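Peer 1: Sequence:
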Amino acid sequence: MTMSDGPFKNLKLDNRLKKFAEAVQNDTVSNDERCALGQHAIVYGVLNETPSLFSGLADYLNGSQLDFDPKSSIEGVFDAHPKSQFTDNFQKEVKLRLHDGASPESAISEGLDAAIQTHIDETRTRIQEACLDSHQNGEMRKDQLDRAIEGTDATLRELDTPKIRDALMRGDRDAFKNATKKKDGLDEGPAQ
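Under numbering that gives the first Met the number 0, the sequence shown is numbered contiguously, ending at residue 191.
Any given hint might turn out to be false.
[As the list claims (entries may be wrong)] Listed below are the simulated DSS-like cross-link pairs for lysine-lysine, each with C-alpha atoms no more than 27 Å apart in a straight line:
hint	residue 1	residue 2
1	94	176
2	82	176
3	94	11
4	141	176
5	11	141
6	94	82
7	17	141
8	11	176
9	162	141
10	162	70
11	176	70
12	162	91
13	176	162
14	141	82
15	70	82
16	162	17
17	82	17
The set of hints was computed from the structure by calculation and includes no laboratory data.
Here the structure is a predicted model, which means the values were calculated and not measured.
Kindly produce the complete structure, drawing on both the sequences and the hints.
Peer 2: Structure below.
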């Protein structure tokens, strides 16, 4: 799917979120492709901000030594990597779960799921604010705004948090890229 010269081109969002915002209001884009575009935008954006945090956490989890102070060890992994709003939320979620007695594996997995959900909610707000600004500037019609808001809400609710988590933990920016590629022929069918 290529960007049109329409109202979505000028949204104050990165290219992946623009493609997602355009897709959610476009009836010719399948729901699976919309979800793949949303998941791709989220994974790519998070990994761009913090490219090595997840490999550091995976290395910690795969370590064979018994850790008598997992709270400090995991805190050290977070401290050794660049900070972002996402990593701050993630770190707080992990810390909370460790404090409640969860194993390091559970704390990281459940904390990441919670941070992803927070990020999805923030992404929804950013897209909707950008669409509203575009409408107020006369670049987007009211019906396009309504479809974008409704489509964003519906699609973001359907994103697969465990798949996003797995892609982040693998550091796989392109986990959903194949499902987002434009189809050239009628015989290709929907994305798998």
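Peer 1: Hints first: check each against the structure and report whether it holds.
Peer 2: Now the hints, each set against the structure:
Annotation: proposed proximity of residue 94 to residue 176 is violated, straight-line Cα distance about 32 Å (limit 27 Å). Distance hint between residue 82 and residue 176 is fulfilled; the C-alpha atoms sit about 26 Å from each other, no more than 27 Å. Restraint check: the Cα-Cα separation between residue 94 and residue 11 comes to about 33 Å, which exceeds 27 Å; the hinted pair is violated. At most 27 Å may separate the alpha-carbon atoms for a hinted pair to count; residue 141 and residue 176 exceed this at roughly 31 Å.
Among the hinted pairs, residue 11 with residue 141 is consistent with the structure: their alpha-carbon atoms are about 18 Å apart, no more than 27 Å. As the CA atoms of residue 94 and residue 82 are separated by approximately 15 Å, the hinted pair is consistent with the 27 Å bound. The hinted pair formed by residue 17 and residue 141 meets the criterion: a straight-line CA distance of about 18 Å does not exceed 27 Å. Simply put, residue 11 and residue 176 have alpha-carbon atoms about 22 Å apart, close enough for the 27 Å limit, and the pair holds.
Proposed proximity of residue 162 and residue 141 is contradicted: the alpha carbons are some 34 Å apart, above 27 Å. Of the supplied pair hints, the one linking residue 162 and residue 70 holds, its CA atoms being roughly 26 Å apart against a limit of 27 Å. Between the alpha carbons of residue 176 and residue 70 the distance comes to roughly 35 Å, so the proposed pair goes past 27 Å and is violated. Straight-line distance between C-alpha atoms of residue 162 and residue 91 comes to about 21 Å, which keeps the hinted pair within the 27 Å bound.
For the hint linking residue 176 to residue 162, the alpha-carbon distance of about 13 Å falls within 27 Å, and the restraint holds. Proximity of residue 141 to residue 82 is assessed by CA-CA distance (about 38 Å); at most 27 Å being required, the pair is judged violated. At roughly 18 Å between alpha-carbon atoms, residue 70 and residue 82 fall within 27 Å of each other, so this suggested pair holds. Between the alpha carbons of residue 162 and residue 17 the distance comes to roughly 22 Å, so the proposed pair stays at or under 27 Å and holds.
At most 27 Å may separate the alpha-carbon atoms for a hinted pair to count; residue 82 and residue 17 meet this at roughly 25 Å.
Violated hints, in rising order: 1, 3, 4, 9, 11 and 14; the structure is consistent with all others.
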